[in-house]
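A.B. asks: One letter stands for each residue in the lines below.
2 protein chains.
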Amino acid sequence: MNFRKRTAHCGELRPSDAGRTVVLNGWVNARRDYGSIVFIDLRDREGVTQVVLDATDNPELAANLKDVRSEWVLWVEGAVRMRENPNPKIPTGLVEIVVRDAGVINRSEVPPFEIVDDLQTNEELRLQYRYLDLRRPTIQQKLLMRSRLASVTREYFSAEGFAEVETPVLTRSTPEGARDYLVPSRVNKGRFYALPQSPQLFKQLLMVSGFDRYMQIVKVFRDEDLRADRQPEFTQIDIEMSFVEQSDIMAMTERYVQHVWKRLLDIDLDLGFRQVTFADAMNTYGSDKPDLRYGLPIVDVTDYAASSSFVVFKSAADAGHVVKALRIPDAASFSRKQIDELTDLAKTHGAGGLPYLKLVQGEVSGSFSKNLPPDEATTLLSACSAADGDLVLFAVGEWERACTILGALRIEAARRLDLVSKTTTPYSMLWITEFPLLEHDPEEQRWVARHHPFTSPMTEDLHLLESNPGAIRARAYDLVMNGYEAAGGSVRIHDSTVQQRMFDLIGMSVEEANAKFGFLLKALKYGAPPHGGIAFGFDRLAMVLAGTNNIRDVIAFPKTTSGLSLMDGCPSDVDDKQLAELGIALRQ
Amino acid sequence: MNFRKRTAHCGELRPSDAGRTVVLNGWVNARRDYGSIVFIDLRDREGVTQVVLDATDNPELAANLKDVRSEWVLWVEGAVRMRENPNPKIPTGLVEIVVRDAGVINRSEVPPFEIVDDLQTNEELRLQYRYLDLRRPTIQQKLLMRSRLASVTREYFSAEGFAEVETPVLTRSTPEGARDYLVPSRVNKGRFYALPQSPQLFKQLLMVSGFDRYMQIVKVFRDEDLRADRQPEFTQIDIEMSFVEQSDIMAMTERYVQHVWKRLLDIDLDLGFRQVTFADAMNTYGSDKPDLRYGLPIVDVTDYAASSSFVVFKSAADAGHVVKALRIPDAASFSRKQIDELTDLAKTHGAGGLPYLKLVQGEVSGSFSKNLPPDEATTLLSACSAADGDLVLFAVGEWERACTILGALRIEAARRLDLVSKTTTPYSMLWITEFPLLEHDPEEQRWVARHHPFTSPMTEDLHLLESNPGAIRARAYDLVMNGYEAAGGSVRIHDSTVQQRMFDLIGMSVEEANAKFGFLLKALKYGAPPHGGIAFGFDRLAMVLAGTNNIRDVIAFPKTTSGLSLMDGCPSDVDDKQLAELGIALRQ
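So the sequences go chain by chain: A and B.
Numbers given in our numbering equal positions in the first sequence, counted from 1, plus 671.
Numbers given in our numbering equal positions in the second sequence, counted from 1, plus 671.
Think of the hints as simulated: they come from the structure by calculation, not from any bench.
Hints should not be assumed to be uniformly reliable.
All copies of an identical chain are treated as equivalent in the list; a pair is satisfied when it fits inside any one copy or across any two copies.
Calculated pairs, DSS-like style, for lysine-lysine (alpha carbon to alpha carbon, straight line, at most 30 Å) [stated by the list, open to error]: (1) Lys1018 <-> Lys737; (2) Lys1193 <-> Lys890; (3) Lys1041 <-> Lys985; (4) Lys1196 <-> Lys737; (5) Lys960 <-> Lys890; (6) Lys860 <-> Lys1248; (7) Lys1018 <-> Lys1248; (8) Lys737 <-> Lys1193; (9) Lys676 <-> Lys1008; (10) Lys1018 <-> Lys676; (11) Lys1248 <-> Lys1193; (12) Lys890 <-> Lys860.
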């Protein structure tokens, strides 16, 4: 041992400790040399403490420590005393340590960037030296918050009687939905495991087994083309319950969220989160995960459009399409350029263009104001509750598309008007319910499950199974927080006949269903209990709680959007010998 | 909803509940039909409750339930009353429910085997219908015990200031030790991720980052040829600490084990587990994971052998080899066949044969008694402390091999003499310390790390690095429970120069070291703290606590020794389309 072990952390000393002799171990956060007096800020996970070395009293020690620079590791022994110049910004800022003895535990080269919270370095360099990036208190605090989140999550579910059961990582590939990551088997050459996209089937089987209440914080994998907020591997809080209906699962979930907010943020949330159906959410907010920290509701003006002189509106209404409007208060001042940007955004969501109207000092202007008689314009604007100074955007077309266009514009408008920072509800919790069970895949010309094919239809819609599948609503629900889909779940099918009908509906033959999910169909025949569950995106939840918009801030060793780990350089080439053992080869 | 939700579990009702009306939900465990009276044992996770249906009082209900058979799912409403014929074997055995109303929630086909604890069905069928196998209370209890183990583990480490940090599952392949499972990357074709064999490097990097105390319960993967007690994926309790030495980590570990035994078994373990060096363990027990629930020590008789008339002994001693003896009390009665079996076992561990002596009523017999003058035989047997009726087995040869042979015979002897069931110490906890840092790989003609190449040498042996690498002891330690290696750990190298010397020593060039572990070598240059840790085999620990010898009893969805999941049929064939997307093909 070349160091003396700490007797205190760098974050704990207070005036009441004055006079105590302590040993600290930590990293040099900063060093200020005034010749005869040297100040060192020593840092560990818990905080920073100022250390003072008086070279006059202790010339030998001062000489030994003269090379010490940032990020060196030291042990320091000395007495706690009150500071002459207190630093009110840090919890230990009233005291300092007068060094009696000290030593270097390890040296550090000059790091490629400073270990400070407000680092401006590009993210690539930070990820390459992730172990140094993780020294920054702001990142460390977020990861410690994530650790506490895991803790209070398990504490809650354990107290509620949920058993933690581990499900396999090496599973069967069931190509349905996103792409699987495959793992070649060496022992069974030519065959492959798949990394799970979710433990869905296993948790349902645990219910069939009578485990009653299951939870797991578990890694899942999707080989999708990555977007900024996606990672190839991510973490899920996975929940399943037996002998329950939808309202039980939702109530259990709300109590969990309440527990987390209380324990981690000391915020009291009211139970009975608002519930909005999928149809209402699309109609009013143009999204199935609307951010309700602000308003900006969408209004339907199709009725008006049916008798409009504006041919674009009229023909849309005649064709059975819809016309929707989004009023943006005080946005009539948006410039031509700003409107063009909004138009481009609308087009990325499938709009042909972006009809708009402005009302300024009683004057109506806009992209189609000349196509409207003045009284019609007034009627239309008043249907949109437009006031002087407002901008009104319109979307025309097929219902879901028109809603989605205005949904995207609603978010952009809120960003421009900075509505989130002006909100009085910092956390918007919202259930979306009554999702469609199916959606039509135009490419494959068949129905596909919107959630997954084990989701139970709503009992009152069962009669539509053959006649109008697109209208069947599912017993599925999403929990939306501040515009993020924080969790999603459903009541599952527990009847093997209904499950087989569901497979039929999505065009899966009996043979195919048996090959892929035979074990589930079989399991449902041996006394499956009614069951359902929910899964939280753990990384997203940690993000919301840590107040960051960057998912990589709450993942210790994240990958880039191309799935690379810049620190260890994976994925990497491997020896052909390894591939030969696995019975595979690279394609030419 | 086609059922009434439970107001009580099937395990909670007691005489004090008599008179209460309750609803139970559960599975039919057994049904006994006496015509006018039907008894149904209803089962859920918490237990079994007897339900009585009187067909005379309730003819319509009786008719509705007349088809009910084992494993059907029912809801039952009725009053609790005292039983006329109590069943003292179950906690609810004093009461029963008199059915007022009830219904079938789901039916069950006749299961392929009975849901009973003492099931004799072969394991293959059980694994195929794992969801039914998991209904058996004995398996369910073991998995619930495992869940509680996870809970108390996290509770302990969280209270001790350990942060839970998730490390990646998609990592870099570093072929050193066991084989990696590889995962082809679609986005970066021709390159591969590897599933981690341990989060070793990541947890060390977290220490470099200042996380100070890390824990994780985490899946790890090794593509080894499987043995009966191995699984391709298994779970580890992974621990790492900064600013500590070996004794701190061992003390922390002991307190954890004490906490677990108290909380799960209500057993008080004394701290200060026995510590035995690797050399002593091999010498005395012929194993680095000896089961000390029984004695049977090995003795060294090389000194005697040096002057023996038995040429096998003499020439071994002259060649610098050893002669070791294992006395088995009261085993002189072993038959010729039994001795032959022991000889075969010795041979599987590299013995040429199995020299032995018996002492019966003062008479010495055995495989080489005729080669020994009587006084020499007496001296030898007394050196082994042999008494009348004893059998003494000998191993001759290179030290580690001779020890290992007798170590295997020691375990077999204990099994035959049933020593474990006669023990007074049901849990033997033991540290093995001072492992050799390196071992010589005769195939590759080089030194390899015995533990892993990040293990710190003992400071007092550092001078042997170049002169006698085989004699260097490591700051490594294993925790052995009842003959299982429950945990293993080490103090790590935190100095980049020492780490580079270690890579040199195992014949890894600077280029190779940089290519594989460059990020670690680099990280050690930026102020790495002294650190070390330990990892528990979580499945093994659960096994010991659950009192089973079958690792599949504590894994919800285990694989067979050929890596198959018999339930879902993985690994499986995949479409060539999937392989093409990944840029790989099967080899011809």
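A.B. asks: For each hint, tell me whether it holds in the structure or not.
C.D. replies: Here's how the hints hold up against the structure:
1. Lys1018 <-> Lys737: neither (63 Å within a copy, 64 Å between copies)
2. Lys1193 <-> Lys890: Result: close both inside a copy and across copies, 27 Å intra and 29 Å inter.
3. Lys1041 <-> Lys985: Within one copy only: 16 Å inside, 116 Å across.
4. Lys1196 <-> Lys737: between (76 Å within a copy, 19 Å between copies)
5. Lys960 <-> Lys890: The answer is within: 23 Å in one copy meets 30 Å, while 33 Å across copies does not.
6. Lys860 <-> Lys1248: both (15 Å within a copy, 18 Å between copies)
7. Lys1018 <-> Lys1248: For Lys1018 and Lys1248, the Cα distance exceeds 30 Å both inside one copy (51 Å) and across copies (33 Å).
8. Lys737 <-> Lys1193: Between copies only: 24 Å across, 74 Å inside.
9. Lys676 <-> Lys1008: Classified as neither: same-chain Cα gap 63 Å, cross-chain 60 Å, threshold 30 Å.
10. Lys1018 <-> Lys676: This pair counts as neither: shortest intra-copy Cα distance 63 Å, inter-copy 50 Å.
11. Lys1248 <-> Lys1193: Result: close only across copies, 29 Å inter versus 41 Å intra.
12. Lys890 <-> Lys860: both (26 Å within a copy, 23 Å between copies)
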